[in-house]
Amino acid sequence: MKFLARNKTLEENLRHWKCSNTLIVTESFFWRPGEKMQRSLKGLMQTLVFRILSKRQDLIARVLTDHDWMIEGNKWQFSRNDLHLILEKILEAAHELDLRFMLFIDGFDEFDDREESENQPVHEEELVKFLKIFSHNERVKICISSRPLPIFERVFGKHDECVILIHELTHKDIKKYVKDMLENDNFFQKQALRDLKYHQLVDEIIEAAQGVFLWVYLATRALLDGIGDRDTFKGLQHRLRTIPPKIEDLIRYLLDSIKKEYRQDVTRYLLLSESTHNMLPVFHFATEDAAADNSEGAVIDCDNFLDDFSATREKIKIQCKGLIEMEKEDLDHPLSDQHLYPEFFHLRVIYAHRTIAEYLNKREVRQKILEWANIPPHREPLWWRSSLAFLAAFWCTDFRGTKRLRGRIQRKSIEFSPKEVKGWMRWYKEVQDRYISDLRQLAKS
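Residue numbers for the sequence shown follow the UniProt record's numbering, so the first one is 1 and each next one is one higher.
FYI, nobody ran anything at the bench for these hints, they're computed from the structure. All values reported here derive from a predicted model rather than from experimental measurement. We put the beta carbon where it would ideally sit given N, CA and C, even for glycine. Hints are not guaranteed to be accurate.
Claimed, not checked - In silico SDA-like pairs for lysine to any residue, Cα to Cα no more than 25 Å straight-line: (1) Lys18 x Met1; (2) Lys260 x Glu248; (3) Lys315 x Leu347; (4) Lys8 x Ser20; (5) Lys368 x Lys176; (6) Lys234 x Leu165; (7) Lys129 x Val155; (8) Lys259 x Asp225; (9) Lys8 x Arg221; (10) Lys190 x Gly211; (11) Lys141 x Leu165; (12) Lys175 x Lys129; (13) Lys179 x Val155; (14) Lys89 x Ile24; (15) Lys176 x Phe213; (16) Lys179 x Asn21; (17) Lys321 x Ser310; (18) Lys317 x Asp307; (19) Lys141 x Lys259; (20) Lys132 x Asn21.
To be verified - Restraint ranges, calculated between C-beta atoms of paired labels, are given here: (21) Ala208 x Val163: 42 to 50 Å; (22) Gln319 x Asn81: 49 to 57 Å; (23) Lys179 x Arg252: 23 to 31 Å; (24) Arg363 x Asp98: 49 to 57 Å; (25) Asp68 x Val365: 27 to 35 Å; (26) Ile151 x Lys179: 33 to 41 Å; (27) Asn13 x Lys197: 21 to 29 Å; (28) Gln210 x Gln264: 29 to 37 Å; (29) Lys132 x Thr65: 31 to 39 Å; (30) Glu371 x Leu23: 18 to 26 Å; (31) Glu138 x Lys197: 55 to 63 Å.
Throw the hints in and build the complete structure from the sequences for me.
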């Protein structure tokens, strides 16, 4: 959806529809594991209002006729009825000002208003009802995405000409991905040359996937584990056929398949990956490993932290079953091969898919992860310790800006007051801001 909403050819493709009118493109993305406003109807309405008015500030005085919000400032809370009325006024103004709107709304299946404080919980029927204020307006086009939940199939049609079934378009992409992943493995290549039956595994994955790319990704990773264990063809086929067809069952299957000796590290990685604001760098995970191995708390072995970083990177690749992955941060300029330290920071860890984060947040799953990670029923101590360890690691570097910071940093045990925690986290944020800035400077040099 982001690709569609931000595509440079979008306006040209809508040229005949918009004619001489001004086109306003806006987007909203539901996300169930996020904040309440990221998964509610009120959050959707407020996002649309904010983004439309940000692009056409001349509409503000016209549609926000009640000035109480100006007096209260940031404390003012618009009700759902307020937002509904504002959107209706925006549509009325569109006729006078020759405006047309293209709305992209992603993740209808992520909608969850059960925690909504206004009156009773809002159900999917209310979401569909709200959309009708746009759908009957010739000045608005809407593109929405969702998994095929019954209510949306009933309302929007299963085989209507306006419905695109993604799995019908991704068959070739899935086949290419599976072939590339398996054929890049030397052992699989050799076995497939000797026995053509190995190529059947590609077809079996595609057939079982039913167009769900996340299933393909996770199932292929599970099959590669078997290839790494040097399973025979029958062994690989059995492994593939025992992989559950449903995504949630597959995630549970992968969690349960983590070896006992790896469970504590993997589940701590999963908990650290929960950051909804910034993806943490791999180096942060490496320093957490070092702190976890040291009974005195956040102390880093400065002589070996390069090896620790490489080891952690391999552990994420091999032990985490594809549930989290590493992604390079986009840079304006490519890094040269000589920039070793920046690699620690621009290689970041994320969940392979938000469905995984959603599943891991279920109460019973969460309890199991916390038990395996061997930490209290919240992740703050883990976060604090890894952040302290991250800061302590700067003692080991000559990275620009760290000398002044070293005077502030004391090696401490994990026992510290809430006030000290806030201070450490503030300094940690300063360091993050600093190394991002320095990284961009290095990239340009």
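Here is how each hint holds up against the structure:
Restraint check for Lys18 and Met1: the C-alpha separation of about 20 Å stays at or below 25 Å, so the hint holds. For a cut-off of 25 Å, the pair hint linking Lys260 to Glu248 stands: about 21 Å separates their Cα positions. Proximity of Lys315 to Leu347 is assessed by CA-CA distance (about 14 Å); at most 25 Å being required, the pair is judged to hold. A hinted pair counts as satisfied when its Cα atoms are at most 25 Å apart, and Lys8 with Ser20 qualifies at roughly 18 Å.
This hinted pair does not check out: Lys368 and Lys176 have alpha carbons roughly 36 Å apart, beyond 25 Å. Straight-line distance between C-alpha atoms of Lys234 and Leu165 comes to about 34 Å, which puts the hinted pair past the 25 Å bound. The straight-line distance between the Cα atoms of Lys129 and Val155 is roughly 10 Å, inside the 25 Å bound, and the hint therefore holds. Proposed proximity of Lys259 and Asp225 is supported: the alpha carbons are some 12 Å apart, at most 25 Å.
For the hint pairing Lys8 with Arg221, the CA-to-CA distance comes to about 34 Å; that exceeds 25 Å, so the pair is violated. With a C-alpha separation of about 29 Å, the suggested pair Lys190 and Gly211 falls outside the 25 Å cut-off, and the hint is violated. Using a Cα cut-off of 25 Å, the hinted pair Lys141 and Leu165 holds, with the two alpha carbons roughly 19 Å apart. Straight-line distance between C-alpha atoms of Lys175 and Lys129 comes to about 39 Å, which puts the hinted pair past the 25 Å bound.
Between Lys179 and Val155, the direct Cα distance comes to roughly 38 Å. Violation of the 25 Å bound is thereby established for this hinted pair. Proximity of Lys89 to Ile24 is assessed by CA-CA distance (about 16 Å); at most 25 Å being required, the pair is judged to hold. With a CA separation close to 12 Å, the supplied pair Lys176 and Phe213 stays within the 25 Å bound. Restraint check for Lys179 and Asn21: the C-alpha separation of about 47 Å exceeds 25 Å, so the hint is violated.
At most 25 Å may separate the alpha-carbon atoms for a hinted pair to count; Lys321 and Ser310 meet this at roughly 18 Å. For the hint pairing Lys317 with Asp307, the CA-to-CA distance comes to about 16 Å; that is within 25 Å, so the pair holds. Proposed proximity of Lys141 and Lys259 is contradicted: the alpha carbons are some 50 Å apart, above 25 Å. For the hint pairing Lys132 with Asn21, the CA-to-CA distance comes to about 22 Å; that is within 25 Å, so the pair holds.
Take Ala208 and Val163: their Cβ atoms lie about 24 Å apart, and the range 42 to 50 Å is violated. Checked against the given bound of 49 to 57 Å, the beta carbons of Gln319 and Asn81, roughly 51 Å apart, stay inside it. Checked against the given bound of 23 to 31 Å, the beta carbons of Lys179 and Arg252, roughly 28 Å apart, stay inside it. In this structure the supplied range 49 to 57 Å holds for Arg363 paired with Asp98, their Cβ-Cβ distance being about 51 Å.
In this structure the supplied range 27 to 35 Å is violated for Asp68 paired with Val365, their Cβ-Cβ distance being about 44 Å. Look at Ile151 against Lys179: about 37 Å separates their beta carbons, and that is inside 33 to 41 Å. For the hinted restraint 21 to 29 Å between Asn13 and Lys197, the CB-CB distance of approximately 46 Å leaves it violated. A hinted range of 29 to 37 Å for the beta carbons of Gln210 and Gln264 is consistent with their spacing of about 35 Å.
One distance hint, 31 to 39 Å for the beta-carbon pair Lys132 and Thr65, is violated here, with the actual separation near 24 Å. In this structure the hint that Glu371 and Leu23 lie 18 to 26 Å apart at CB is violated, the actual value being about 53 Å. Glu138 and Lys197 have their C-beta atoms about 57 Å apart, which keeps the hinted 55 to 63 Å range intact.
Consistency note: the structure conflicts with the earlier hints numbered 5, 6, 9, 10, 12, 13, 16, 19, 21, 25, 27, 29 and 30.
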